[in-house]
Amino acid sequence: MSCEIEHKGTFNTLLNINKIKKNLTRRIMIDKIATMIFFGSTLFALLVLGILIYRIFTQSIGWLDLQFLTSTLSIFPEKAGILGAIIGSFLLMIIVAPVTIVLGVATAIYLEEYASKSKFQSFVKMNISNLAGVPSVIFGLLGLTVFGRLLNLGSSILAGGLTMSLLVLPIVVVAAQEAVRAVPGFLRDASYAMGASRWTTIRKVVLPVALPGILTGSILALSRAIGETAPLVVLGIPALILRIPTGFMDNFTALPIQIYYWTLDAVLTREYANLAAATIVALMVMLAMMNSIAIIIRNKFQKRY
Amino acid sequence: MENQTNVRGIIKKNLANDKGRFVENLMPRVFLVAASISILTTIGIVLTLILDAYKFFSQVPLREIFSTKLAPLSANPSFGILPIINGTIITSFIAMCVAIPVGLTAAIYLSEFASDKVRRIVKPIMEVLAGIPTIVYGFFAYSFVTPLLLLLIPNLEAKNALSPGIVMGIMIIPLVASLSEDAMNSVPNALREGALALGATKLEVALKVIVPAGFSGILASFILGISRAIGETMIVAIASGSSKNFTFDITQSMQTMTAYIVEFTSGDAGSGTLGYYSLYAVGLLLFSFTLFMNLIAQYILKRFREEY
Numbered sequence: 001m002s003c004e005i006e007h008k009g010t011f012n013t014l015l016n017i018n019k020i021k022k023n024l025t026r027r028i029m030i031d032k033i034a035t036m037i038f039f040g041s042t043l044f045a046l047l048v049l050g051i052l053i054y055r056i057f058t059q060s061i062g063w064l065d066l067q068f069l070t071s072t073l074s075i076f077p078e079k080a081g082i083l084g085a086i087i088g089s090f091l092l093m094i095i096v097a098p099v100t101i102v103l104g105v106a107t108a109i110y111l112e113e114y115a116s117k118s119k120f121q122s123f124v125k126m127n128i129s130n131l132a133g134v135p136s137v138i139f140g141l142l143g144l145t146v147f148g149r150l151l152n153l154g155s156s157i158l159a160g161g162l163t164m165s166l167l168v169l170p171i172v173v174v175a176a177q178e179a180v181r182a183v184p185g186f187l188r189d190a191s192y193a194m195g196a197s198r199w200t201t202i203r204k205v206v207l208p209v210a211l212p213g214i215l216t217g218s219i220l221a222l223s224r225a226i227g228e229t230a231p232l233v234v235l236g237i238p239a240l241i242l243r244i245p246t247g248f249m250d251n252f253t254a255l256p257i258q259i260y261y262w263t264l265d266a267v268l269t270r271e272y273a274n275l276a277a278a279t280i281v282a283l284m285v286m287l288a289m290m291n292s293i294a295i296i297i298r299n300k301f302q303k304r305y
Numbered sequence: 001m002e003n004q005t006n007v008r009g010i011i012k013k014n015l016a017n018d019k020g021r022f023v024e025n026l027m028p029r030v031f032l033v034a035a036s037i038s039i040l041t042t043i044g045i046v047l048t049l050i051l052d053a054y055k056f057f058s059q060v061p062l063r064e065i066f067s068t069k070l071a072p073l074s075a076n077p078s079f080g081i082l083p084i085i086n087g088t089i090i091t092s093f094i095a096m097c098v099a100i101p102v103g104l105t106a107a108i109y110l111s112e113f114a115s116d117k118v119r120r121i122v123k124p125i126m127e128v129l130a131g132i133p134t135i136v137y138g139f140f141a142y143s144f145v146t147p148l149l150l151l152l153i154p155n156l157e158a159k160n161a162l163s164p165g166i167v168m169g170i171m172i173i174p175l176v177a178s179l180s181e182d183a184m185n186s187v188p189n190a191l192r193e194g195a196l197a198l199g200a201t202k203l204e205v206a207l208k209v210i211v212p213a214g215f216s217g218i219l220a221s222f223i224l225g226i227s228r229a230i231g232e233t234m235i236v237a238i239a240s241g242s243s244k245n246f247t248f249d250i251t252q253s254m255q256t257m258t259a260y261i262v263e264f265t266s267g268d269a270g271s272g273t274l275g276y277y278s279l280y281a282v283g284l285l286l287f288s289f290t291l292f293m294n295l296i297a298q299y300i301l302k303r304f305r306e307e308y
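Chains as they are written, first to last, in UniProt numbering: chain S, 1 to 305; chain Z, 1 to 308.
Just so you know, not all the hints are guaranteed correct.
[As the list claims (entries may be wrong)] Among the chain S residues that face chain Z by a calculated CB cut under 7 Å, a handful are:
#	residue
1	LEU49
2	ARG55
3	LEU103
4	THR229
5	TYR260
[Stated by the list, open to error] Under the rule of at most 30 Å between Cα atoms (straight-line distance), these lysine-lysine pairs were calculated in the DSSO-like manner:
#	chain 1	residue 1	chain 2	residue 2
6	Z	LYS202	S	LYS21
7	Z	LYS202	Z	LYS123
8	Z	LYS302	S	LYS125
9	S	LYS125	S	LYS204
10	Z	LYS302	Z	LYS202
11	S	LYS300	Z	LYS123
These aren't lab readings, by the way, just hints derived from the structure by calculation.
Heads up, the beta-carbon is just placed ideally off N, CA and C, and yes, glycines get one too.
Just chain S, same shape as in the assembly (with noise of 0.2 Å):
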């Protein structure tokens, strides 16, 4: 008897519609604020993109000029340009590319091919992916002490280079490990069945079909790279570079250095400050060629098995 009481009750309280309905009513509610916050968030990542870009944008009007981009520095902001800067960049970029993509490629493949499910591929993947954790500027102190002091190259554009090279070195890394990995079975097994050594397969089945995600991955490494300020300016890169440097031990500058000094100096003349911005729109137009070409590639030449 009492127990069907109970279940009488619990039975009530299951469908005390009324309450269930004023309930629900409000629960909608919330759930609608709350998408409308979170729609709300998501939009204003998107702009504040906008508005950078914007802002940086109509600062640099009418300083992004010709004579802007192929001129050196001047002491009158009117006057400056950015040639030396983006012929440093460039060069910087002439030494970080292939120090990356070979070093890049060939640790991922002895990881992938050699010494695949080892205790040595664990380690090293921990290690790679702690380094890809540490600061740039740490970075900059190991490229002052051991390229600029250590092997004497002080702040040349090898110096630069070299620093640059190991800070991104993990994104090739592990963008090559997936493209290596993605290469199917099949291929493989099929190389070695007719009778390829090891090394013929990596060179001519695994390479070329990893081939775009490799690249793709040194693109993305290097608009990494060519946007980094941190260590070039623990390196001692300078902003007041007049010569425009020919060979890989000049001194050079590069063009976000040429930002963060404008930047700080927008203090005593305000000019600078377009002066830095049309220098960010110019890196930006680099860094969005750079991307649209990894992107091309990507779609492009990734065939799927």
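Mind docking chain Z on chain S? Use the hints.
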């Protein structure tokens, strides 16, 4: 018939080819050398930091290091580390106050509420946001956010901790959002459907099922975000200034550890001086902080990963 003997001949010739075998044996070693570079980099970082930091610690008494007076260039230099640690913590804290709520809610929106179409538009834009060089954010903080905040807070200094903190948070939003979204996406659909079938609203599903289930990944994204904020250099170097005061007032200029390193190397501290070695001491501390954070994040991901 002749063809066959030819092929056999080629195979025999190739097998006898010492050069091929030599290359075959050589290549793994070449690759091993390349793979060791990354380990050498780590060893190099640790060694350079420790060796030069040691020269600093052997000359400066501990009591001075743990003081609030930082004046490396004065006639009677003092190397108290607390002002720059304080600056780092405060700017990072402000950054996370922006990045965690916005990043997490954006992640929930993208993972649970957004249609495929919205996701396809928003995610590439987030990637763009993540790819912008930090120097650009620094310029943005100094030339736009600080003047904007000045309208709200009249006694804000031209260089302050608030503006770079906020901008740093904006910079970290994509990191927190994409890692948290990955964590939520990996929660199996069955859990989602189960909760929806019980009559839960989408919000209840998100907050009571998806977020708890993907919590380890979300927590890891927060920790990685903090680590990014601690290590971020250019934004604070530009917009936070170089005041070495020990203060909790976010409207004032403060220096972070990273900005200290950048200011000093681009300044005139030559090699061999105590100021020069102090860079490595600060670098060592910074490296230990971020490494510790990254290891914790990796541990959380590994240890608390829910397998479905």
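Evaluation of the provided hints:
no., hint, verdict
1, LEU49, "holds (5 Å)"
2, ARG55, "holds (5 Å)"
3, LEU103, "holds (5 Å)"
4, THR229, "holds (4 Å)"
5, TYR260, "holds (6 Å)"
6, LYS202(Z) - LYS21(S), "holds (17 Å)"
7, LYS202(Z) - LYS123(Z), "holds (21 Å)"
8, LYS302(Z) - LYS125(S), "holds (14 Å)"
9, LYS125(S) - LYS204(S), "holds (26 Å)"
10, LYS302(Z) - LYS202(Z), "holds (29 Å)"
11, LYS300(S) - LYS123(Z), "holds (20 Å)"
Going through the hint list in order, the structure satisfies each hint without exception.
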